[in-house]
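*Asks:* Model the placement of chain C on the given structure of chain S, informed by the hints.
Chains S and C, in that order, give the protein sequences.
Reminder that position 165 of the first sequence reads as 210 in the numbering used here, one-by-one numbering, no gaps.
Reminder that position 24 of the second sequence reads as 69 in the numbering used here, one-by-one numbering, no gaps.
Since the hints were derived computationally from the structure, they do not count as laboratory data.
Heads up, a few of these hints could be off.
[As the list claims (entries may be wrong)] Some chain C residues flagged as far from chain S (calculated, every beta-carbon gap over 10 angstroms):
no. : residue
1   : Gln74
2   : Tyr97
3   : His134
4   : Ser199
5   : Ala251
[As the list claims (entries may be wrong)] With the C-beta cut set under 8 angstroms, the calculated list includes, among others, these residues of chain S facing chain C:
no. : residue
6   : Glu271
7   : Ser276
8   : Leu319
Glycine included, each C-beta is placed from N, C-alpha and C at the ideal position.
Next come the chains, spelled out residue by residue.
Number of protein chains: 2
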Amino acid sequence: MSDKPQFQRIAIIGLGLIGSSLAHAVRAQGLAAHIAGHDTEADIRGRAEAIYLVDSMHVDVADAVSGADLVIAATPVGACSDVARAIKHHLAPGTIVTDVGSVKGSVIEAMAPHMPDGVHLVPGHPVAGTEHSGPEAGFAELFRDRFSILTPPSGADEAAVESLAAFWRALGSNVEIMDAEHHDRVLAITSHLPHLIAYTIVETAADLETELEAQSRDDDVVTTREVIKYSAGGFRDFTRIAASDPTMWRDVFLLNKDAVLEMLGRFTEDLSVLHDAIRDDDGDTLFDVFTRTRAIRRSVIEAGQAGRFQYTENGDGED
Amino acid sequence: MSDKPQFQRIAIIGLGLIGSSLAHAVRAQGLAAHIAGHDTEADIRGRAEAIYLVDSMHVDVADAVSGADLVIAATPVGACSDVARAIKHHLAPGTIVTDVGSVKGSVIEAMAPHMPDGVHLVPGHPVAGTEHSGPEAGFAELFRDRFSILTPPSGADEAAVESLAAFWRALGSNVEIMDAEHHDRVLAITSHLPHLIAYTIVETAADLETELEAQSRDDDVVTTREVIKYSAGGFRDFTRIAASDPTMWRDVFLLNKDAVLEMLGRFTEDLSVLHDAIRDDDGDTLFDVFTRTRAIRRSVIEAGQAGRFQYTENGDGED
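So that you can see chain S by itself, here it is in the shape it has in the complex:
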């Protein structure tokens, strides 16, 4: 909290989980004198207005960014190019433009060419999220104790980078500065590949009933109802991340293609080693791998990144 807000007007473009969480967090920390909002979808705008998410809502994105000293594109990464084109004539010199996308190289490619002189493009990525979407999904604490990665292009204004870093720190994040290409490789393994795998296994399970039924009624059919019923055995953990926003994730995979395909190639090789170990009754290989992976979990917990969820004896809330 400070007496004088860090920004006069923050424009948030896109009012999904991240955009709405930003609105809550900015308000909670008093970081802006005014929060302007925009979303391309009228339905989203209406729902955001119903919960008083922003101070002013704008049908035209140009109106939202006019007079803003911080503009945050909280859209799927595939929309960043359109956003840049739509706002470029309405940005005052000194304005910081950033985003929250999970891919950074393509965001720089999409936005940098449109930035007027004196406007500071500093792409960013808060490594935080839930499987929920929409303006009602946001909450002020989403970014607390999470990492926010900034990937300023070479030659970026240092004061603008520091200002944006201070903004994220005020929301509770730990800020890291990183090259965009490196960011995209790190996220390919820590986030993009895990999502791809989760989507795949949920698809495999969902298809089981249909495929088997199509073969023969005599087969031992595993039904979708059974898959869901017994999901506590492990499958449910995958359904959570496979419930993430489809548009956002389509864009991530298309725009971080090279790094994702590279990591997928490595994964497929490792999976084939375990496949062969099972086929060949090679218990030692299985045991060795399962012992190594256990140590990684301990490191995740020690790094404080295991999540902010607690077991409750009586609750039956979503994990």
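*Replies:* Chain C alone, transformed into the frame defined by chain S:
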């Protein structure tokens, strides 16, 4: 709770997460006049005794089961054959022998031939667990609102099956009766394949640094430290289930080989469809799959199987 315990003496063989949770739950519900415990490892026995987990601890498994009217093998499934051989001469007629393993066909094969006349083998599987192991990991509520599947062999004593079903219901579980072969196929997709995939991706991430470093120092190295640091993007969900007990999971994969390899084959095909969609910039296929998988998550939540964890604003507990 009842005035007269359902069993006079319950013998729990194996005092890991499931065995110790059973001891807590049996005691909490007053289901046994006496709980006898055994573990092959002296260290585990000592730790269990230190927390007064059972009423009597036995170095020799034969002593644990003598006089028991319910014997529960809570060992890795690969050990069931040894257990059956060690206890067979010490079981009184009328005793119910069960287990808690995640594979059922092989347990029947391993144990049934050793059961004396009048002893009732009714294999079981509580679909519940955490990534923690050892006698300190157990808690009485583990089985509450979870499914426990019983797979009685053909011709099993109906009264024994009903008695074991009543036991699990008293621990809070919903009981389902199922053919062992069908159980093994259902669990292959809902539990075994998810674990295999999780182990694999954690292995892939852990190997990244080493492999890349071996190639060239000029490469853009993603370090293990970075993987852990940014794991909140999705990877951390996999580390949790990849931290499960290595011995237990080695046995599961070796003993449910056919069903696991079949489900793995389907998964690999589905993964290759998504691989090609990314490679070919086919956003429509990605969007369609990601939309379908979202519906499955809703069903898991509606079925009350999403987990008993709640978000806490300030907690930083393990999820």
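*Asks:* For each hint given before, does the structure comply? Return the numbers of the non-compliant ones in rising order.
*Replies:* Going through the list in order, the structure violates hint 5 alone and respects the others.
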